[in-house]
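Number of protein chains: 2
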Amino acid sequence: MQRTEIATLGEFGLIKHLTEDIKLHHSSSKYGVGDDAAVLSYDNKMTLVTTDMLLEGIHFDLTYFPLKHLGYKAAVVNFSDIYAMNGCPKQITVSLGISKRFSVEDIDALYAGIRLACEHYNVDIVGGDTCSSMTGLTISITCIGEAEAGNIVYRNGAKENDLVCVTGDLGGAYMGLQLLEREKSVLKGAGEDTQPNFEGKEYLLERQLKPEARRDIIQQLAEADIKPTAMMDISDGLSSEMLHICKQSKVGCRLYEEHIPIDYQTAVMAEELNMNVSTCALNGGEDYELLFTVPIGDHDKIIKIEGVKLIGSITAPELGYALIARDGNEFELKAQGWQHC
Amino acid sequence: MQRTEIATLGEFGLIKHLTEDIKLHHSSSKYGVGDDAAVLSYDNKMTLVTTDMLLEGIHFDLTYFPLKHLGYKAAVVNFSDIYAMNGCPKQITVSLGISKRFSVEDIDALYAGIRLACEHYNVDIVGGDTCSSMTGLTISITCIGEAEAGNIVYRNGAKENDLVCVTGDLGGAYMGLQLLEREKSVLKGAGEDTQPNFEGKEYLLERQLKPEARRDIIQQLAEADIKPTAMMDISDGLSSEMLHICKQSKVGCRLYEEHIPIDYQTAVMAEELNMNVSTCALNGGEDYELLFTVPIGDHDKIIKIEGVKLIGSITAPELGYALIARDGNEFELKAQGWQHC
Numbered sequence: 001m002q003r004t005e006i007a008t009l010g011e012f013g014l015i016k017h018l019t020e021d022i023k024l025h026h027s028s029s030k031y032g033v034g035d036d037a038a039v040l041s042y043d044n045k046m047t048l049v050t051t052d053m054l055l056e057g058i059h060f061d062l063t064y065f066p067l068k069h070l071g072y073k074a075a076v077v078n079f080s081d082i083y084a085m086n087g088c089p090k091q092i093t094v095s096l097g098i099s100k101r102f103s104v105e106d107i108d109a110l111y112a113g114i115r116l117a118c119e120h121y122n123v124d125i126v127g128g129d130t131c132s133s134m135t136g137l138t139i140s141i142t143c144i145g146e147a148e149a150g151n152i153v154y155r156n157g158a159k160e161n162d163l164v165c166v167t168g169d170l171g172g173a174y175m176g177l178q179l180l181e182r183e184k185s186v187l188k189g190a191g192e193d194t195q196p197n198f199e200g201k202e203y204l205l206e207r208q209l210k211p212e213a214r215r216d217i218i219q220q221l222a223e224a225d226i227k228p229t230a231m232m233d234i235s236d237g238l239s240s241e242m243l244h245i246c247k248q249s250k251v252g253c254r255l256y257e258e259h260i261p262i263d264y265q266t267a268v269m270a271e272e273l274n275m276n277v278s279t280c281a282l283n284g285g286e287d288y289e290l291l292f293t294v295p296i297g298d299h300d301k302i303i304k305i306e307g308v309k310l311i312g313s314i315t316a317p318e319l320g321y322a323l324i325a326r327d328g329n330e331f332e333l334k335a336q337g338w339q340h341c
Numbered sequence: 001m002q003r004t005e006i007a008t009l010g011e012f013g014l015i016k017h018l019t020e021d022i023k024l025h026h027s028s029s030k031y032g033v034g035d036d037a038a039v040l041s042y043d044n045k046m047t048l049v050t051t052d053m054l055l056e057g058i059h060f061d062l063t064y065f066p067l068k069h070l071g072y073k074a075a076v077v078n079f080s081d082i083y084a085m086n087g088c089p090k091q092i093t094v095s096l097g098i099s100k101r102f103s104v105e106d107i108d109a110l111y112a113g114i115r116l117a118c119e120h121y122n123v124d125i126v127g128g129d130t131c132s133s134m135t136g137l138t139i140s141i142t143c144i145g146e147a148e149a150g151n152i153v154y155r156n157g158a159k160e161n162d163l164v165c166v167t168g169d170l171g172g173a174y175m176g177l178q179l180l181e182r183e184k185s186v187l188k189g190a191g192e193d194t195q196p197n198f199e200g201k202e203y204l205l206e207r208q209l210k211p212e213a214r215r216d217i218i219q220q221l222a223e224a225d226i227k228p229t230a231m232m233d234i235s236d237g238l239s240s241e242m243l244h245i246c247k248q249s250k251v252g253c254r255l256y257e258e259h260i261p262i263d264y265q266t267a268v269m270a271e272e273l274n275m276n277v278s279t280c281a282l283n284g285g286e287d288y289e290l291l292f293t294v295p296i297g298d299h300d301k302i303i304k305i306e307g308v309k310l311i312g313s314i315t316a317p318e319l320g321y322a323l324i325a326r327d328g329n330e331f332e333l334k335a336q337g338w339q340h341c
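Those protein sequence lines, which keep their order, are chains A and B. Each residue of the first sequence is one higher than the one before, starting from 1 at the first, in our numbering. Each residue of the second sequence is one higher than the one before, starting from 1 at the first, in our numbering.
Looking at chain A on its own, in the form it has when it is part of the complex (with noise of 0.2 Å):
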C-alpha cells in the first residue's frame, strides 16, 4: 500500500486534504471548516453537546482495530450519546493527533470511516483541529444536536413504578473484544499463514468494531408518543448505568435476570471463555444500546416496538438496588465492571 508522509502535505495541507469535499447538508449549519469557529443556527431549538475523546492503547489497539472502523465508531458513540438525550445529532468537530507512525492513506481510511457515519446518521463535519502527536493515535469529537426543549430525557427523571427498558442486547461488544484478544494471543508468534478463526462469531465483532446507536428506538418512540422519565446510553456497561439513573433520579430498581437479553454468540462465547454470561451483559460496556425508564401507562405501547426489552422496574429508593437471579435469589446490583479510565 501507498505510503504518503504526512510531512508532505504540513498541517493546513492535511486539513484542507481532509475537508475540502466536505458538504453541508443542515439547515443549522450555516458554516463549517475554515474559520476559526463553526457558525451552527439553533432558533428555537435546545443545543445538546457531547464530548468523547478517544487514545490508542486505552481505547483501542490497532493491530486488530481498522482505521475505517475506528472513525465510524468514534463517531457513532457520540451519536449515541445525544440520542440518549432524546435529541438528533447534527454536526461533529474532530480533533486529531497523529504520531509520525501514521501516513496520510492512514489518516484517509480513519476520516473515511468517520463521514460514512456522519452519512449514515445525516450530520454534517463543521470544525476540528489536525495536530501531530508525539506518540499514538488520539481522538476527539464533539458532537452538536438539537431537541425540542420539551422534548429532552435526562437520568434524573425515572420513578417509582416506571418500566425499566434496554433495547437490542448486551455483553456483544464485551465478548467481542474477548475474542480479538484472544485471537491477537494466539496469532503472536504464529506464522504468517495463520488466519483468525471468527467463524460463527461475526456478531460479535461487529458489536466491538462497529457499533451502531439507536437512532431507530429514539424514532419508533416518538412514533408511539412514548417519552422516557429517564434514558442514558450503555457505554460502561448495564449495571453501571442503571445505577447512574437510579442516583440521579433517587430511586431503586428491582432487575431480573432472567429478562436481560442477550445474543446467541455472546453466549457461546462466554460458554467457550468460561465466563458467567450474565455478568458480561451485567459489565461489559461499549453495547451503545439504550436504557430507559417509561411510566408503567406506557407498557401496553412499549412493548408493541420491536428490539426493546422489559427488564424490570423502579422502587422506592430505601428499596435499594435489587437484581434478582434466575434462582430466585436477590443481590444488590453493582457497578463491577467495565472502565477503559
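Careful: at least some of the hints might be erroneous.
[Said to hold, decoys possible] Below 30 Å or equal to it, Euclidean Cα-Cα: the simulated DSSO-like pairs (lysine-lysine) are: (1) B:LYS16 x A:LYS334; (2) B:LYS227 x B:LYS45; (3) A:LYS45 x B:LYS45.
Just so you know, the hints here were simulated from the structure itself, not pulled from any lab data.
Since chain A is already given, all that's left is putting chain B on it; use the hints.
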C-alpha cells in the same frame, strides 16, 4: 506536596471531584455536567463552535509550564477563536487524557487554571470526558459561543482598500518560549540551587505562559460601531494569518514592517538571541492577538481605539502579498513560521 493517585478516585470519582461545585451562570446553559450531553439554549442567536487539542511534548513542555497556567491557556486559546468571529464565548467542554504520572493534585491544578479562565471570561464548564492515557497529558477543549447573525465576522470578507489592523504586540509569546527553552538547557545538569534568570523578561513569560484573549477589543469595536470585514486570531503567526485572510477573501495586501507592533522586551530578547525581531513578530505564533480589516471609512474611529495598530492595507489580488521593509524594499509575505504541527 501531597500526591493522591487518580486510581483511588476512579474515572467517575475524578469527574465528580473536579466538577461537583461548578455553577452555571448563563441563561443559555440549561444543563451542564452529569448527563449524556449538555443542554444549551441559543434562541435567536447564532451558535459558534471551536475546538483545540493540546498534546504534551508537542504544544507544551511541563518542565517549565505550570499546570495551572496550562489550564488557563488551554481555555483562553478557545475563547480567542470565538472572539475572532466577533462572538462571545459562553460554554466549554473539557476532555482530558491523563497518564499515571499525574496525581489528583496535578489535575486539580490544571482544572483550577481552566476554571480561573472561565471565571475571568464568564464562561460555563458544561461537560467533558476524563480518561487515562498511555503517556503524557492530552487536553481537548471545545468552546461554544454566541453572536447575532449579522455581527459574525469571517476570514473571507476583506475588500480592496480596507485597512489592516492588529492588536497588542507580536512576537512576545515566541520570545517567551525561546527564553524558557534557553533556561531549561542552562539548568540541565546545573546544581539544585541554580535559579532561572527571568529578570526584565517577565512580559515575555506572561505572553507565553498566560496569554489573554482580546475580549476588550471586541467590546471596544462594538462600542465604536465598527464591524471588521474580516478577522482571525493570531495563533500561527501574522504572516500565516494574513495569507489566510487574503486567500479566503481573494485579495492582496501591503504590510509595513515598521508598523508591526513589537514590545521592548521582545526586541531586547531577539537582540540577545541574534534573531531578526521582525521575523519573530511575523512568524512567531501564540500571541492570540486579533488581526482584522476595516473599511477605510472607519479610519478615524479605529485609530481612537487603544491597542489597535494599522499595519497596512488590502489591495487587488493581482498585486500579491507584499511586505514593505523599513528600507523601502518590497518582499513577498510568506508563511514560514511557527508550526506545532
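Results of checking the hints against the structure:
Our distance criterion of 30 Å between C-alpha atoms is met by B:LYS16 and A:LYS334, whose separation comes to about 19 Å. The hinted pair formed by B:LYS227 and B:LYS45 meets the criterion: a straight-line CA distance of about 17 Å does not exceed 30 Å. At roughly 11 Å between alpha-carbon atoms, A:LYS45 and B:LYS45 fall within 30 Å of each other, so this suggested pair holds.
Of the numbered hints listed earlier, not one is contradicted by the structure.
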